[in-house]
Structures are given as structure tokens and as C-alpha cells.
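Residue-level listing of the chains:
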Amino acid sequence: MSIIKKALATAAMTTALMAQPALADDMRIALVVKALGIGFFEAAARGAEEAAAELGGVEIIYTGPTSTTAEGQIEVINALIAQGVDAIAISANDPDAVAPALRRAMDRGITVISWDSGVAPEGRQMHLNPSSPELIGNTIIRLAADHLPDGGDVAILSATSTSTNQNIWIEEATKALPNFPGINLVATVYGDDLADKSYREAQGLMQTYPDLRAIIAPTTVGILAASQAVTDAGKIGEINVTGLGLPSEMAGAVESGATLSFAIWNPVDLGYAATMIAHGLASGNATAEPGASIPMGRIGDAVLDDNNEAAMSDPFTYDASNIDEFKSIF
Amino acid sequence: MNILKNRDVLLAFALVLLIGGVAMRFPAFVRPANLVNVFNDTSPLILLAIGQMIVILTKCIDLSVAANLALCGMAAALLNGMGLPLPLILLAAVLMGGALGAVNGLLVWKLGIPSIVVTLGTMTIFRGSIFLMTGGAWVNAHQMSDGFKALPRMVILGLPVMSWVALAAIALFSVILTRTPLGRSFYAVGGNPHAAVYTGIDVGRTQCIAFMISGALAGLTGYLWVARYAVAYVDIAGGFELQVVAACVIGGIAIVGGAGSVIGAVLGALFLGVINNALPVIGISPFWQMAISGSAIVIAVALNATQNRPKGRIILKEVTPT
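Residue numbers (the numbering used here), protein chains in the order written: chain A, 1 to 330; chain U, 1 to 322.
Bear in mind the hints are in silico, worked out from the structure with no lab data behind them.
No residue lacks a Cβ here, since even glycine has one placed at the ideal position from N, Cα and C.
Do not take every clue at face value.
Label-pair ranges, simulated between beta-carbon atoms [what the hints assert, rightly or not]:
1. U:Leu111 with A:Val186: 51 to 59 Å
2. A:Asn78 with U:Ala291: 47 to 55 Å
3. A:Val186 with U:Ser174: 26 to 34 Å
4. A:Gly257 with U:Pro27: 54 to 62 Å
5. A:Gly151 with U:Asp146: 30 to 38 Å
6. A:Ser256 with U:Thr178: 42 to 50 Å
7. A:Asp324 with U:Ala99: 35 to 43 Å
8. U:Ile116 with A:Gly84: 37 to 45 Å
9. A:Gly257 with U:Pro32: 24 to 32 Å
10. A:Asp26 with U:Gly147: 52 to 60 Å
11. A:Glu75 with U:Ala99: 55 to 63 Å
12. U:Lys110 with A:Ser321: 55 to 63 Å
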């Protein structure tokens with residue numbers, strides 16, 4: 001099965017390689033993903049096509065290995081170098097393993113950027129993060145505040161007390177709190193990313209704080225377990241569960257009303273922005289250096305920090321109006 | 001005086017003290033509705049602890065229960081997705097759990113591999129199988145039918161169905177263990193395997209049956225778990241096997257086999273269940289929560305050790321100089 005898949009992928013790639021020279025005038029931007037056939041990356045490719053259509057004269061080569069391995073990506077990168085593409089935008093399976101191959105690409109004058117999942121600094125010109133801790137921290141509080149015009153008590157249900165990502169986001173959320181008058185953070189509890197413990201912690205929050213109006217869970221297991229606990233307690237409409245989750249997992253909670261809205265990066269925007277940046281760098285309209293500002297079309301500008309990293313935007317908000325569109329994507 | 005020596009009574013007493021202590025800090029904890037909640041929340045642990053207890057009685061241990069639960073739960077969720085009616089799904093979950101338990105049992109029985117090694121292996125195999133079945137994808141609430149999710153929470157006579165299932169299992173296995181030849185043979189096999197052989201009991205076969213019971217209970221719990229939390233993925237109930245073994249240890253089941261009761265296992269599970277449910281509401285730092293759960297286990301084991309230590313027998317009389 002896997003051999004057939006690989007053979008097909010190779011055949012497809014060869015066909016793609018042979019088809020290229022005919023369109024040599026176009027700028028060719030390769031979008032290299034962790035593996036083909038993943039909804040998230042298919043959506044990113046759609047965004048890339050959207051950017052290409054907007055820019056004109058750009059051809060997107062959407063490619064990647066058949067399974068999420070660094071070796072597979074290195075093969076793909078080598079093929080792209082041989083093909084002489086103008087730019088590579090990669091979401092890496094391993095930050096270090098793919099760096100030497102990308103270094104070779106840069107030596108041949110190919111623009112290399114990473115997005116979503118980064119590459120070590122020596123293997124890329126810049127990295128585009130989907131968001132930043134400050135933006136995420138601010139967003140998760142805003143999600144709760146959006147539905148609490150008169151303010152109210154909110155609590156955070158996190159993963160483990162030692163999860164680095166969640167702790168940074170919560171710290172930023174606490175800093176953003178003064179910008180939302182009336183929103184009162186009463187507790188931060190930890191569900192350890194276990195469905196049963198998160199469920200119990202959510203029940204505990206509801207019992208301890210009778211005036212609780214929202215539970216913010218910046219973790220996919222937590223947000224699901226909390227919305228189930230709120231549903232079982234019959235408190236839909238009274239307590240809004242929000243935070244970070246995946247549309248495919250959250251569709252049920254949004255449908256039942258336990259979750260009014262939640263956020264996560266938008267893969268379409270991410271593919272779009274990566275393409276815009278790759279185009280800007282490859283055409284010489286922008287340079288990747290600390291402090292530089294690179295335009296990303298409709299999304300705005302990416303401002304590079306000292307490590308040549310930039311954050312794209314706030315996480316994208318999903319609610320009843322767009323959940324059906326995205327739940328089949330990722 | 002005699003009643004104080006009974007471990008189950010002591011444990012029940014400790015449980016009441018614990019609940020009382022929690023109520024002092026958070027009075028709403030002892031509201032009947034909340035106690036029902038706590039019992040319901042502990043039901044999966046009770047079901048698995050009963051199965052584990054039977055396995056431990058026969059001098060074995062089943063570390064694969066949580067993985068078995070996860071695999072059967074995922075299978076139930078997938079069968080539901082294929083439109084199978086609920087009674088058949090329940091039957092399939094129990095049979096599948098029993099079959100997975102039989103795999104453990106046969107390896108222990110026919111190949112004589114120590115159960116801790118067998119079940120450590122099957123634990124990873126079961127989890128891996130979930131990944132193979134789904135490719136790591138989750139089955140989410142909107143992919144499950146309403147009836148599938150509703151059954152465990154349906155309230156009959158004030159108790160959710162999940163609690164009734166636990167009560168039924170307590171009653172059933174209390175009778176089996178104390179009133180049937182099979183039940184007594186579990187004790188015999190663990191208490192003294194050689195003597196058991198002389199009375200005509202097949203030690204390996206009895207151990208295999210114990211694993212099948214544990215597996216079948218895990219399969220049933222798998223469905224209940226997935227339906228209750230309305231989500232199925234590779235890691236559900238991760239690390240739960242340790243809580244199950246801890247419940248048995250707290251409940252006074254002798255880890256060397258041959259001694260223990262269903263009530264002990266149930267009380268042990270309830271003890272952990274009360275701690276699990278109380279910690280979120282009494283406002284103790286999460287950094288302390290693990291230490292508290294751990295201490296409860298160590299104290300219980302220490303009590304076990306002091307109670308079960310045989311008094312030294314004097315073989316030779318001290319020589320009194322004449």
C-alpha cells in the first residue's frame with residue numbers, strides 16, 4: 001500500500017517536474033508540507049493558490065512526502081532544487097534535519113522560508129509563526145469577553161501545570177486582562193489534558209464559583225471536556241466554554257451551544273501569508289532582516305524579530321457561522 | 001473490638017472522615033446530588049477495580065485495562081459511526097474486551113510468562129492498535145449518535161445508568177466470589193497454588209478466566225467512558241491502570257494474591273474517587289494534588305503491611321539455664 005502510494009507520489013512529482021519548463025516565465029513557489037493528504041495543509045494550499053491568483057504570474061507547487069518524516073522532506077527539497085524553483089516555503093517535520101538541504105537551496109539562490117512548524121535559523125531566511133503568545137493570550141480573553149458585554153467571572157482550564165505553551169499563553173492572557181473591564185479571572189485549574197480530570201475540574205469550577213460565566217480552555221482536550229461538563233450540568237447558555245480547539249472536534253459543542261466561539265489558526269490564511277512573503281522575498285521587494293516589515297496582502301504586514309521570526313495574526317475565530325465549512329478541513 | 005479489626009469497616013470509616021473533612025471546607029460537597037455525582041464519576045474506576053481485584057486474587061496483575069478500555073471504547077465509537085444498533089455495540093464491546101483479556105490470559109496460562117510482562121506488552125499493543133484503526137484521528141461528539149451518548153447519563157430512580165451498571169457489577173461479583181466454586185477457586189489459586197492443584201483446580205485456566213473478566217469489564221467501561229465524555233482518541237484513560245491498581249491496594253487486596261473482597265475494591269475506588277472530586281473544589285494547589293493522591297496510596301499500603309504481617313512463630317523454646 002505504502003509502496004504504491006510512494007510510486008504514485010513519485011510519478012506525480014515526475015510529471016510535475018516535466019510540466020514545469022513550459023511555464024518558465026512564472027515565479028514558481030513551492031509549498032512544502034509535513035505530509036500530503038492532511039486537511040490542514042490542503043487548506044493552506046488553497047490559501048497559497050488564492051495568493052497566487054491575487055499576485056498573478058505565480059505558480060504554486062504544492063508538495064510534500066507521503067508520511068511525516070524529515071527524510072521524505074529532504075528528498076522533496078532536493079527534487080525542488082534540481083527543478084530550480086524560485087522559492088520554498090516549508091512546514092518542517094524536524095527543525096534541524098532539513099536545515100542542510102535548505103541551506104543548499106539557499107546557496108543556489110532559492111528563497112527559503114518556514115511557516116507553521118519552523119526550521120533552525122541557518123536553514124531559512126525567516127519563519128512565519130501562525131500567531132504569537134501575546135496575540136493568543138489576548139484572543140482567549142477576548143473570546144470570553146465578546147459574549148459578556150456586562151463583564152463577569154471567568155476561569156481558565158489548562159493542560160498540565162507544567163505545559164510550557166499553555167503557561168506562556170495564560171501569562172499573556174493575565175497581562176491582557178486589564179484591557180477587558182469587568183472580566184474577572186477567578187481561577188486557573190489544570191486538567192492535565194486528560195478527559196476525565198478536565199471534566200472533573202470543570203465540574204469543580206461550576207460548583208465553587210456559582211457566578212461563573214465562561215470557562216477558557218487553551219487546550220483541545222480541555223475545551224471538549226469542559227463543554228461536555230457544562231452540557232451535562234444543564235448550564236448551556238449560562239456558561240460559555242471557549243479557548244483553543246480544532247473545528248472538527250468542536251463542531252458538536254458549537255452545535256449544542258455550549259461553545260459560542262473558539263479560536264485556532266486559519267490554515268487558509270497561513271498558506272496565503274507564506275506565499276505572499278515568499279513572493280516578496282524572491283522578487284526582491286522585501287528583505288528578511290531583523291526589524292523588516294514584509295507585506296502579506298490582505299492580512300497586513302509581518303514584522304520580523306531578532307531571530308527573523310514573525311507572527312501572522314490573531315488566531316482565527318470559529319463560530320456557528322463558519323464551523324460547517326471548516327469542520328471537514330481539520 | 002472485633003469490628004475495628006475488619007479492614008473494610010476501617011476503610012469505610014476513613015472514607016466518611018474524608019468526606020466530612022471535605023465538607024468542612026466545602027459544605028456543598030455532601031449534598032445528595034453531589035454525592036450521586038461523585039459515585040457516578042467513580043463508576044468506571046469501580047468497574048475496573050473489581051476486574052483488577054479478581055486478577056490480583058490469582059497472583060497476577062493486569063496493566064492493560066486502561067488500554068483495553070480505550071481500544072474497546074474506540075471500537076464502540078467506530079461501530080456507532082457505521083450505524084450498528086446500541087445493544088449490539090454494547091455486546092461487541094464486552095465480547096471484544098473479554099477477547100483481549102483472553103489474549104493476556106492465554107499468554108500467562110499457556111506460555112507461563114509473568115503477567116506484569118504480558119500486560120505491559122499488550123498495553124502498548126492495544127494503544128498502538130487504536131492508532132492503526134484510526135490513523136490517530138479523533139471520533140468527536142457530532143460523529144456519535146444521540147442515543148449512543150445518552151445511555152450512560154439516562155437517570156433511573158435518581159441514579160444515572162452508569163452508576164446502576166457499577167452497582168450491578170458489585171452485586172454480581174460479590175455473589176460470584178463468595179458463593180460459586182469459580183469464585184472460591186480465584187482465592188484458592190492465589191492463596192496457595194500448590195494446594196489448589198491438589199484440589200483439582202487448574203491454576204492457569206483460572207487465571208485466564210480472571211483476565212477475561214477483567215477484560216470484559218474494561219470493554220464495557222470503554223463504551224461508558226467514550227459515551228460519557230463524548231470523545232474517543234488514542235490516549236483516552238491514559239495512565240488510568242495505575243489508579244485502578246491503587247484502588248485495589250487501598251482497598252486491602254493483597255498484592256501477593258489470595259486475599260481481598262469486592263467491597264474492599266469498591267471502597268478503595270470510592271476513596272480515590274472522593275479525593276479526585278474533592279481536590280478541585282477545596283482549592284488546593286495543583287502542585288499538591290499529586291502529592292496528596294500519592295500519600296493516600298502509601299499510607300494505605302503501610303497499613304496493609306502492618307496488618308498482614310504474620311506474627312513470628314517460635315520454633316525453638318528459649319533455653320532456660322538450669
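Checked hints:
{"no.": "1", "hint": "U:Leu111 with A:Val186: 51 to 59 Å", "in the structure": "holds (56 Å)"}
{"no.": "2", "hint": "A:Asn78 with U:Ala291: 47 to 55 Å", "in the structure": "holds (52 Å)"}
{"no.": "3", "hint": "A:Val186 with U:Ser174: 26 to 34 Å", "in the structure": "violated (44 Å)"}
{"no.": "4", "hint": "A:Gly257 with U:Pro27: 54 to 62 Å", "in the structure": "violated (31 Å)"}
{"no.": "5", "hint": "A:Gly151 with U:Asp146: 30 to 38 Å", "in the structure": "holds (35 Å)"}
{"no.": "6", "hint": "A:Ser256 with U:Thr178: 42 to 50 Å", "in the structure": "holds (45 Å)"}
{"no.": "7", "hint": "A:Asp324 with U:Ala99: 35 to 43 Å", "in the structure": "holds (39 Å)"}
{"no.": "8", "hint": "U:Ile116 with A:Gly84: 37 to 45 Å", "in the structure": "violated (59 Å)"}
{"no.": "9", "hint": "A:Gly257 with U:Pro32: 24 to 32 Å", "in the structure": "holds (29 Å)"}
{"no.": "10", "hint": "A:Asp26 with U:Gly147: 52 to 60 Å", "in the structure": "holds (55 Å)"}
{"no.": "11", "hint": "A:Glu75 with U:Ala99: 55 to 63 Å", "in the structure": "violated (42 Å)"}
{"no.": "12", "hint": "U:Lys110 with A:Ser321: 55 to 63 Å", "in the structure": "holds (60 Å)"}
Against the hints set out earlier in the document, violations occur for numbers 3, 4, 8, 11.
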